[in-house]
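Undergrad: Generate coordinates for the entire structure from the input sequences, incorporating the hints supplied.
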Amino acid sequence: MSSKKSGMPAPPYLWAEGLLDDAEWVNSYIKSVLSWPENCTLTTKERHLIGLGKAIAYLWEPGVLIHIDQALNSGANLREVNDTIRVSAVTAGLADLDYALQQLNSLGLSYPNQKNKARDRCDMPLSKNIIAFLAWDEKLYENFANTVKILFEKTALEARLQQLICLAVSSVKGWGQGIKVHSKLAAKAGATREEIVYVVVSVFKTSVSTSMQVGFRYPCYTPDMSKYRLIYDSYVRSRSRAGVKQLDFESLL
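Counting in this note's numbering, the sequence shown tops out at residue 253, every number present.
Each hint should be verified, as a subset may be incorrect.
[What the hints assert, rightly or not] Pair by pair, the computed Cβ-Cβ distance ranges are:
#: 1; residue 1: Phe-216; residue 2: Glu-38; range: 24 to 32 angstroms
#: 2; residue 1: Trp-136; residue 2: Glu-38; range: 48 to 56 angstroms
#: 3; residue 1: Pro-9; residue 2: Arg-79; range: 36 to 44 angstroms
#: 4; residue 1: Gln-103; residue 2: Val-214; range: 23 to 31 angstroms
#: 5; residue 1: Ser-74; residue 2: Leu-107; range: 44 to 52 angstroms
#: 6; residue 1: Lys-180; residue 2: Glu-153; range: 16 to 24 angstroms
#: 7; residue 1: Glu-142; residue 2: Asn-27; range: 52 to 60 angstroms
#: 8; residue 1: Val-201; residue 2: Gln-102; range: 20 to 28 angstroms
#: 9; residue 1: Glu-194; residue 2: Glu-138; range: 39 to 47 angstroms
Calculated from the structure, these hints are not laboratory results. We treat Cβ as the ideally placed atom computed from N, Cα and C, and that holds for glycine.
TA: This is how it looks when you write it as structure tokens:
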């Protein structure tokens with residue numbers, strides 16, 4: 001038994017007592033959860049980088065390791081993996097911030113209203129809550145903008161794929177603004193309507209798979225951990241070439 005087009009064996013938990021007695025359910029599970037639709041045009045590399053973004057949004061460490069491993073096996077390079085991690089983390093952070101600000105507003109504890117001032121300065125498609133919040137503090141705006149702009153600028157990722165990853169993370173977080181913005185940017189970068197829909201509904205795949213693995217406490221695939229040493233070594237080599245010294249993070253706090 002194998003997961004179709006995944007390059008991985010079916011997860012061992014499918015051999016749990018009682019599951020194999022329901023062959024119809026197992027077959028449907030493999031097709032709907034462990035596989036992408038037959039007519040999905042996303043490449044294997046793209047599927048695993050998108051899966052990496054969703055795993056990060058779910059804080060699902062086994063999934064992060066699995067998708068990094070499979071993305072590298074499918075032709076992704078270290079820069080693409082690194083930038084997937086960065087854009088996924090920033091997208092998840094924006095989703096959480098937007099939600100928190102909404103709750104703050106509902107309690108009547110909002111910050112000074114300077115929406116117009118912020119909108120005049122902000123050239124990124126952020127939510128109204130975040131734009132208004134950023135107008136509150138000049139220094140905060142500058143640092144925040146420099147961190148967030150990676151979502152809308154060129155990285156090692158192809159533009160279409162980058163927006164699909166951000167869309168996947170937004171979908172996991174249930175972030176309406178992110179789904180709206182990144183679906184439009186993905187389409188503008190060349191993603192088809194079907195690809196956008198498949199990425200959004202793929203949260204079902206990741207959510208069910210994650211829950212099954214948590215329930216049975218058995219990952220669907222154990223990656224070759226030697227690759228993660230290579231990723232770490234790439235950081236060390238890059239810093240060495242650039243002559244970068246160890247950051248004193250305590251001085252930044």
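Undergrad: Now tell me if each hint is right for this structure.
TA: Hints, one by one, checked against the model:
With their beta carbons about 27 angstroms apart, Phe-216 and Glu-38 fall inside the hinted range of 24 to 32 angstroms. Evaluation of the 48 to 56 angstroms hint for Trp-136 and Glu-38 yields a pass: the beta carbon distance comes to about 50 angstroms. In this structure, Pro-9 and Arg-79 break the distance hint of 36 to 44 angstroms, their C-beta atoms being roughly 29 angstroms apart. The hinted window of 23 to 31 angstroms between Gln-103 and Val-214 holds, with their beta carbons roughly 27 angstroms apart.
Taking the beta carbon of each, Ser-74 and Leu-107 are about 46 angstroms apart, inside 44 to 52 angstroms as hinted. Range check, Lys-180 to Glu-153: Cβ separation about 20 angstroms, and the 16 to 24 angstroms hint holds. The hint said 52 to 60 angstroms for the Cβ distance between Glu-142 and Asn-27, and at roughly 54 angstroms that hint holds. Taking the beta carbon of each, Val-201 and Gln-102 are about 25 angstroms apart, inside 20 to 28 angstroms as hinted.
As the Cβ distance of Glu-194 to Glu-138 is approximately 44 angstroms, the hint placing it in 39 to 47 angstroms holds.
Checked against the numbered hints above, the structure violates only hint 3.
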